[in-house]
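K.L.:
Next come the chains, spelled out residue by residue.
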Amino acid sequence: MKTRKLAAVGLAGVLVLAAACGSDDDDGGTSGAAGGASLEAPPADTEATLRVWLNGPDTPDEMIDLAKETFAEKYPDVSVEVERQEWDGLVNRLTNVLPTDDSPDIVEMGNTQAQAFEAAGALVDLSSVKDDLGGDDLVDSLVEAGTYGDEFYGVPYYGGARIVVYRKDLFEKSGLSVPTTMEEFVAAGKKLKADNADVPNFSGIYFPGRNWQATLSFIWDAGGDIAVNEGGEWVGELSSDNSIKGLSTVQDIMRNANAAPADSDDAEDYLAFCNGEVGMLMGPGWKMGQITGDDGCPGKYDAVLGAFPLPGSEGGVAPSFLGGSNLGISAKSENPGLALQFLEVLTAQQYQTEFAKIGLIPVRKSLLGQVQGDEAAQAQAKAAEVTRFVPSSENWAEVESGTVLHDMGAAIAGGADVTDEATRANDAVVEILNG
Amino acid sequence: MRRRRWLWNVVAGAVMVVVAFPVYWMVVTSFRPNAEIRSAPRFLPVGTLDNYRSVFERDHFWSSFANSLQVTLLTVLFALITAFLAAVAVARFRFRGRVAFLVVVLLVQMVPAEALMISVVKVLEGWDLRNSIAGLTITYVAFVLPFTVWTLRGFVTGVPRELEEAAMVDGSSRLRAFFTITLPLVAPGLVATGIFAFIQAWNEFTFALVVMDRPDKETLPVWLQAFNFGARGTDWGGVMAGSTLITVPVIVFFLFVHRRVAQGLTAGAVKG
Amino acid sequence: MTAVLPGEGTAPPAALPGGGRPGRSPRRARDRDLRRSRLLPYALLVPALAALAAGLGYPLVRLVVMSTQEFGLRQQFGAPAPYVGADNFAAIFGDPYFWDVLRRSLVFCAVNVVLTMVLGTLLALLLQRLGTAMRTALSVALLLAWATPALTATIVWQWIFDARYGVVNWLLSRLGGDYEGHSWLRQPLSFFFVGTLVVVWMGVPFVAFTLYAGMTQIPAEVMEAAAIDGAGPWARFRDVTWPALEPIFVVLAALSTLWDLRVFTQIYVLQQAGGITRDTNTLGVYAYRTSAGDDFGLGAAIALVMVGITLLATLFHLRQMFRSEEV
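Chain order of the listed sequences is A, B and C.
Here the first sequence is numbered in our numbering, starting from 1 and rising by one per residue.
Here the second sequence is numbered in our numbering, starting from 436 and rising by one per residue.
Here the third sequence is numbered in our numbering, starting from 708 and rising by one per residue.
Treat the hints as calculated values from the structure; they're not laboratory data.
Just to be clear, a hint being listed does not mean it is correct.
Unchecked claim - Listed next, the in silico EDC-like pairs over lysine to aspartate or glutamate satisfying Cα-Cα at most 16 Å (straight line): (1) A:Lys365 with A:Asp131; (2) A:Lys168 with A:Glu277; (3) B:Lys557 with A:Asp102; (4) A:Lys168 with A:Asp302; (5) A:Lys74 with A:Asp45; (6) A:Lys245 with A:Glu314; (7) B:Lys652 with B:Asp563; (8) B:Lys557 with A:Asp101; (9) A:Lys74 with A:Glu344; (10) A:Lys300 with A:Asp169; (11) B:Lys652 with A:Asp102; (12) A:Lys168 with A:Asp195; (13) B:Lys652 with A:Glu83; (14) A:Lys173 with A:Asp195; (15) A:Lys68 with A:Glu354; (16) A:Lys300 with B:Glu471; (17) A:Lys365 with A:Asp140; (18) B:Lys652 with A:Glu81.
Said to hold, decoys possible - Estimated spans, in silico, between C-beta atoms of each pair: (19) A:Gly175 with C:Pro895: 42 to 50 Å; (20) C:Trp806 with A:Gly175: 54 to 62 Å; (21) B:Ala535 with C:Asp885: 54 to 62 Å; (22) C:Arg1026 with B:Arg488: 54 to 62 Å.
From the three backbone atoms N, C-alpha and C, an ideal C-beta is built for every residue, glycine too.
Construct the entire structure; sequences and hints are all you get.
P.N.:
Shown next as structure tokens:
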């Protein structure tokens, strides 16, 4: 059944479906599968319901309203039901609900989760309509997350690069200026820690052991990597000389400029910041907004907050892990053509510009240069120029759930030998990726 | 004797403090402003009601509450009835397949539930029972049944057989004797297993997450998850306030059945 | 199952369905009664069996089948699942890490079960000795511990032991210790100390309640008679309370074994808060992390292996149960 539907989807792209006109009147029966696979835009008077799953608080209500309004201009009789999903437990839900006839039409996946569902055949192949969704204007590393084999399934939705958020008042007190090289960055962190030794738990650079996304920046900056694909086989790079050089810098910061517990992660860094225990931290572009927002400490540090992209060792900007998410159309969707129309709204210039305003990266390269806004937005736009991604493999999720990189970071932060830990993590990663 | 009672009361008081402390900590936290939760400890439950406000204001709180209550009460009801009948069968009769039944039930209990998830969802999907109270109830009854059968069996064994036989001499049928004599006498067991089933169903998360995916069909534990923003941290105040509220119905249920049973036991004693 | 109870083999063959003509003679009536009472236990089992079959019948069969298949996300979305024989099992047993995890889990489970059962029994005895008001109060306190969602309870415990803001470090530091910023989760041993606290804390109320409920079944006259006979508290426990409680106690011990062996939430949440995961994985978490939600064949095999281990671990309880059953 599933294979038949997928085949139909594939065919749809090739045949351009002259015959499909009018076959989309949403009959809802199982016999509608073949007709439902059409990616052709349905007529404007179509009556249907689109179920859309968007995750977490990243898409504000106002943006959802904007998308609905825009879509209603074209399809006034379609009701779009946006259901918010939580990141925790999302993979379980997708795994169980996407194969059912009651599947949502559009789902959002984290960019490190998407590959597994693309490989499994859970999503509609959108290769034939990629140009309508942004084509070459889409940010490359997010397209990479949305591509399996040569097929394009996951449309980039938004991105987030990592930046450094810092306290200007503390910089001033210590006579520091914004660092322009990695070396200056590390030195500034150590100085801040020394100068604020009277504050309990103070971190010059807040860098808990499990913040592996931040760790990646240092590995990449030193010329290292996690693993590279050589002719279909993953070859480990974590224990290469360059990677170890990067990891040694990480250990230096964690041991000498940082007071975050070695075995914790960065989920609560904004609270430590609000407690006045942090000089600098490395986080996603929206971190500044989190600190000044209701979840953090509004008003407390608003005036002295600053942001800059993590500097590279040769100057410039260090590569940063590009977080973000992708959207896909469920292979079980009754209305893939309609769903595609909604996806076009979500990736259009107008809608994507809104993301830039709330500390996220729009997925269109043409918008990156136009990013306006606060220091964080500017810093992120710069960081976004040099973003990298984890190995594109359907098995990557297991590296994360197996906490390989978390354990490595926690051990390094605890003072373990970098080479030993890197070698151990390298072996584990290679085994999983090639498994 | 009275002096002894005084000693036990002191011991009980100490145990209460130790046992209830983490719950107390949860309640204290639920009154703290969010940004302050992860900072130096505070010992008194004073501060803000914002967290409770955000619980009540979040969409679908009441529908989730209603769903949870229905599923839980139905689970308790069905589990106790079926388990009582089965417990009587295995405790009072020697029949072919008795041991097999007990062992199979125990084996079922031994299977880690998570491993069955995709198949359970598939079955419910086939019956068109996803996103329905009935579907989740069927699953929960099956999961709590093994325990309730085994435990009630222990309680039925504890009821002297002679009491039933005496009733049968009086002209009662065997089945009738089970309901008139045995059932009231295993009331403490029914309460204990009933509370067990209640808490299991009330707090269950994993299956509720995938069986009930429509926003208006979610149960409370899944709904509570909405305070967890993944990478953007967690609204701990909301989680703690929500968890505090979630535990209240369990206590209410307990006090309710507890009084009923106390009355029932007294009534039975008078009758006997 | 071919196990036959002593005496079971001599049972007359089951009645023929619909056999025998309804007769009026007393003998026939007695026959009919006998047949009915022979069918009665089966009739009593029908609802339970139906509920189990409806809820778990197919999933259990499929679990066994899947354990011999390569069944991943692709198969979940409809691709055919190739049979791989015992490969999944070989992968588990061939992984040296699995044996580490198993050893760790068994020790953790043993410690927790013993603590849970001992403390639960003591608390049940305490409940028995209290007046109504105090007993209700203690019951509610126990119930609170039991009823708090496991996730929340574990988070609160983790906060209590939190390195920076935890009340335990706060207190110990004020008492003169050097516990500022001490991570309780960093060393596996102290990680499992915290884990044990959480698991036992959540497990004890249930054991105490159920055992206390069992004690209320013992007629007060029996206790009084024993007391009049001059039996001390220990003798009364041994000769009166224990024999009545044993069937329930054994069930509780078996169930605690089973739950503590595959404990998941408590360990997983603590792992997210700190520690080195690979040093603290227990069977339940290991199963989740290796199959990672997308290798269901391997997951099914691990589940079956866990059933086997649990069966071995509870064999002692089971033997005891069936033995006491037949005397």
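K.L.:
The structure should be examined with respect to each hint, and the outcome stated for every one.
P.N.:
Comparing the hints with the structure gives:
no.: 1; hint: A:Lys365 with A:Asp131; in the structure: 14 Å, holds
no.: 2; hint: A:Lys168 with A:Glu277; in the structure: 14 Å, holds
no.: 3; hint: B:Lys557 with A:Asp102; in the structure: 12 Å, holds
no.: 4; hint: A:Lys168 with A:Asp302; in the structure: 10 Å, holds
no.: 5; hint: A:Lys74 with A:Asp45; in the structure: 9 Å, holds
no.: 6; hint: A:Lys245 with A:Glu314; in the structure: 14 Å, holds
no.: 7; hint: B:Lys652 with B:Asp563; in the structure: 14 Å, holds
no.: 8; hint: B:Lys557 with A:Asp101; in the structure: 11 Å, holds
no.: 9; hint: A:Lys74 with A:Glu344; in the structure: 12 Å, holds
no.: 10; hint: A:Lys300 with A:Asp169; in the structure: 12 Å, holds
no.: 11; hint: B:Lys652 with A:Asp102; in the structure: 14 Å, holds
no.: 12; hint: A:Lys168 with A:Asp195; in the structure: 14 Å, holds
no.: 13; hint: B:Lys652 with A:Glu83; in the structure: 12 Å, holds
no.: 14; hint: A:Lys173 with A:Asp195; in the structure: 9 Å, holds
no.: 15; hint: A:Lys68 with A:Glu354; in the structure: 14 Å, holds
no.: 16; hint: A:Lys300 with B:Glu471; in the structure: 13 Å, holds
no.: 17; hint: A:Lys365 with A:Asp140; in the structure: 9 Å, holds
no.: 18; hint: B:Lys652 with A:Glu81; in the structure: 15 Å, holds
no.: 19; hint: A:Gly175 with C:Pro895: 42 to 50 Å; in the structure: 44 Å, holds
no.: 20; hint: C:Trp806 with A:Gly175: 54 to 62 Å; in the structure: 57 Å, holds
no.: 21; hint: B:Ala535 with C:Asp885: 54 to 62 Å; in the structure: 60 Å, holds
no.: 22; hint: C:Arg1026 with B:Arg488: 54 to 62 Å; in the structure: 56 Å, holds
The structure shown violates none of the earlier numbered hints.
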